[in-house]
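Engineer: Sequence:
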Amino acid sequence: MKNPVEIKIQIDPQCHDPVILIRTDRKTQRVEDIVHAIETCTNSSYPLIVGYRDSEMELLSQRDITRAYVEARKVRICVGKEVYESNKSLSFLEQQLNPDRFIRISRFEIANIRKIASFDFSTTGTVYIRFDDGSITWAARRYVRVIHQALSRIEAGKEE
8 MKNPVEIKIQ
18 IDPQCHDPVI
28 LIRTDRKTQR
38 VEDIVHAIET
48 CTNSSYPLIV
58 GYRDSEMELL
68 SQRDITRAYV
78 EARKVRICVG
88 KEVYESNKSL
98 SFLEQQLNPD
108 RFIRISRFEI
118 ANIRKIASFD
128 FSTTGTVYIR
138 FDDGSITWAA
148 RRYVRVIHQA
158 LSRIEAGKEE
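Each residue of the sequence shown is one higher than the one before, starting from 8 at the first, in the working numbering.
Do not rely on the hints blindly, as some may be mistaken.
Pairwise CB distance ranges, derived in the manner of DEER restraints [what the hints assert, rightly or not]:
1. 17 / 94: 22 to 30 Å
2. 131 / 26: 31 to 39 Å
3. 94 / 26: 35 to 43 Å
4. 36 / 107: 18 to 26 Å
5. 55 / 128: 31 to 39 Å
6. 61 / 20: 48 to 56 Å
List time: in silico BS3-like cross-link candidates among lysine-lysine, alpha-carbon distance up to 30 Å [unchecked claim]:
7. 15 / 34
8. 34 / 81
9. 81 / 95
Since the hints were made in silico from the structure, they are not lab data. Just so it is clear, CB atoms sit at the ideal spot from N, CA and C, and this is done for glycine as well.
Hey, can you work out the whole structure from these sequences and the hints?
Structural biologist: See below:
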């Protein structure tokens, strides 16, 4: 087998839920495939999200969604550079989305925290967010506490 994945299991009586850590020198498609396989096995309780594009309905994996937002009174869902419409409200989507992955960043937007490349907290009143696909958005200052809490959970190892 070429380039096998080394798997180690460490028993820790203090750790009640399994934590998976992937150590690598860079993010590659292989790493993404491993994450996808693990999530597929463990997160089956979070449903696929229905999105519409060019009069076609598509089922969207929550793992692939970058953000959902309201624009011109329509809910839009971004998956990479593709934009889909939803016939559900943003509040309904928020209830369907995995709370360990998605956070509310403004009254009109929800973001996948695992798709965020960087935050800029230097601007007064808003937070500049850049996603790993290069897209950008702004979070309202009102939601900074929620963002910090999500980042603290990630740092503490409660996610990913």
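Engineer: Confirm or reject each hint.
Structural biologist: Right, here's what the structure says about each hint:
1. Taking the beta carbon of each, residue 17 and residue 94 are about 46 Å apart, not inside 22 to 30 Å as hinted.
2. Restraint check, residue 131 to residue 26: a C-beta distance of roughly 37 Å satisfies the suggested window 31 to 39 Å.
3. A hinted range of 35 to 43 Å holds for the C-beta pair residue 94 and residue 26, which are about 37 Å apart.
4. For the pair residue 36 and residue 107, the beta carbons lie near 23 Å from each other, so the given range of 18 to 26 Å is met.
5. In this structure the supplied range 31 to 39 Å holds for residue 55 paired with residue 128, their Cβ-Cβ distance being about 33 Å.
6. At about 53 Å, the beta-carbon gap between residue 61 and residue 20 stays in the expected band of 48 to 56 Å.
7. Straight-line distance between C-alpha atoms of residue 15 and residue 34 comes to about 20 Å, which keeps the hinted pair within the 30 Å bound.
8. For the suggested pair residue 34 and residue 81, the alpha carbons sit about 34 Å apart, so the restraint of at most 30 Å is broken.
9. With a C-alpha separation of about 9 Å, the suggested pair residue 81 and residue 95 falls inside the 30 Å cut-off, and the hint holds.
In terms of the numbered hints stated before, the structure departs from hints 1 and 8, listed from lowest to highest.
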